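2 protein chains.
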Amino acid sequence: IKPSVDLTLYVLTDDVYLNEEKFWRVVEDCLKNGVTAFQYRAKGKKGAEMYREGLRLKELCAKYGVSFFVNDRLDLGIALNADGLHLGQEDLPLEVARKHFPGKIIGLSATNYEEGVLGIKAGADYLGLGPIFPTPTKEDAAPPCGVEVIQKLKEEFPNTSVIAIGGIDQEKVSEIIRAGADGIAVISAVFGAENPARAVYELRETIVKAKE
Amino acid sequence: IKPSVDLTLYVLTDDVYLNEEKFWRVVEDCLKNGVTAFQYRAKGKKGAEMYREGLRLKELCAKYGVSFFVNDRLDLGIALNADGLHLGQEDLPLEVARKHFPGKIIGLSATNYEEGVLGIKAGADYLGLGPIFPTPTKEDAAPPCGVEVIQKLKEEFPNTSVIAIGGIDQEKVSEIIRAGADGIAVISAVFGAENPARAVYELRETIVKAKE
Ligand code: NI
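Listed in order, the protein sequences are those of chains Y and P.
At position 31 of the first sequence the residue is numbered 35 (this note's numbering), and the sequence of numbers has no breaks.
At position 99 of the second sequence the residue is numbered 103 (this note's numbering), and the sequence of numbers has no breaks.
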């Protein structure tokens, strides 16, 4: 039996936007204002630094009762005893990660309906689905799949969580949640916000209202 | 009790030199001509590709009775049930890797005497020590430590294997082995050779003679 996790407002770390001091301040802003899960991502960093930063984030999450995920690196997930692991389409195969990370939540990125179905059939506990809408600033992004895909996947596979990701701002949240998404995953909407604490608070409020 | 491994002629993979077809031909040349251990390295590749390539290399190594190591990625080492793991100074901490990879060989990179001693005290099974000699083509390399460091470390810590690495060619092998090194680790001396099979065969012969 897996621990129940709340993926309603899932924040992925990105330190591109901020210096280190500011980064950790925003993390605490997130934890105090309604984030329900964190995913530690650190593309291009070495293992020692990832371990140090991941440990710090995990301990902060534990303090606030927030779930802690690791992106891509199964070894970091194991070493930090994370609540779960998020895998991209080109990361280690899900069944391999599952074997060595039993009892944990494993999520998979999907950009469209077909990848979503394959991911669910491969045993993903949740999908990080996106982009849902066009993402004009991200040139390498997949084409947007639209909110209909959320609806379709949730109708066919009600037991798998679907978390929408990709260029989600305040205005799009209601539409996503009403389409049936279990939550939203954000990066720049928080780390790129002028007032991250307020941004988190408002995202959470909008989700709660849309779920009513 | 750990499996006994022979690190006499330790080849690190590098596919910068070769296309894929040629790469796998050289791997077989190595296995047939006296390589005793392989380390799978794939900087910048994604997990899925690393898993596929690593699995192929591991199976080839098993066929020839050659030890199989993974560089940096503890998760890949676990997933492939490798014989061991090689960690750089900035990778996951050795004690963390040890905890989740029991009974396996774990080696550590060291560029000088001090790093070597710290690595041995941290519990490394072997050191990848280097560069021993100046490496004019590699601008980011540490300063050469000289063969005296091999001698000193082996005198003080005879139970830890020392493998010399960094710009080692045929001519330097004898001096390194006579200084007490347990083996040599090579990349370009094999993958960059005009005739890799012959290069491997000659390196092995030189090592064997120097050890007599
Ligand atoms: Ni384990």
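If you're looking for bench data, these hints aren't it; they were derived computationally from the structure.
Take the hints with a grain of salt, since some may be wrong.
The list treats identical chains as interchangeable, and a pair is accepted whether it falls inside one copy or across any two copies.
[Unchecked claim] Straight-line Cα separation of at most 27 Å, DSS-like style, residue types lysine-lysine; simulated pairs:
#, residue 1, residue 2
1, K125, K50
2, K103, K50
3, K36, K158
4, K125, K49
5, K26, K213
6, K50, K156
7, K67, K176
8, K125, K67
9, K176, K142
10, K50, K67
Source: prediction; values computed, not measured.
Hints versus structure:
1. In the homo-oligomer, the alpha carbons of K125 and K50 lie at most 27 Å apart only across protomers (22 Å), although the nearest pairing inside one protomer, at 33 Å, exceeds that limit.
2. Taking the closest pair of Cα atoms, K103 and K50 come within 27 Å of each other both inside a single copy (25 Å) and across two copies (19 Å).
3. Proximity of K36 to K158 under the C-alpha cut-off of 27 Å is found in neither arrangement, the shortest distances being 30 Å within a copy and 54 Å between copies.
4. For a Cα distance limit of 27 Å, the shortest separation of K125 from K49 across copies, 26 Å, qualifies, whereas the shortest one inside one copy, 32 Å, does not.
5. Taking CA atoms no more than 27 Å apart as the test, K26 paired with K213 passes in neither setting, with 30 Å inside one copy and 59 Å between copies.
6. For the identical chains of this complex, K50 and K156 are neighbours neither inside a copy (39 Å) nor across copies (30 Å), given an alpha-carbon limit of 27 Å.
7. For a Cα distance limit of 27 Å, the shortest separation of K67 from K176 qualifies neither inside one copy, at 30 Å, nor across copies, at 55 Å.
8. For a Cα distance limit of 27 Å, the shortest separation of K125 from K67 qualifies neither inside one copy, at 34 Å, nor across copies, at 34 Å.
9. In this homomeric assembly, K176 and K142 come within 27 Å of each other (Cα to Cα) only inside a single copy, at 17 Å, whereas the closest approach across copies is 50 Å.
10. In this assembly of identical chains, the alpha carbons of K50 and K67 lie at most 27 Å apart only when taken from the same copy (26 Å versus 33 Å across copies).
Of the numbered hints stated above, those contradicted by the structure are hints 3, 5, 6, 7, 8, listed in ascending order.
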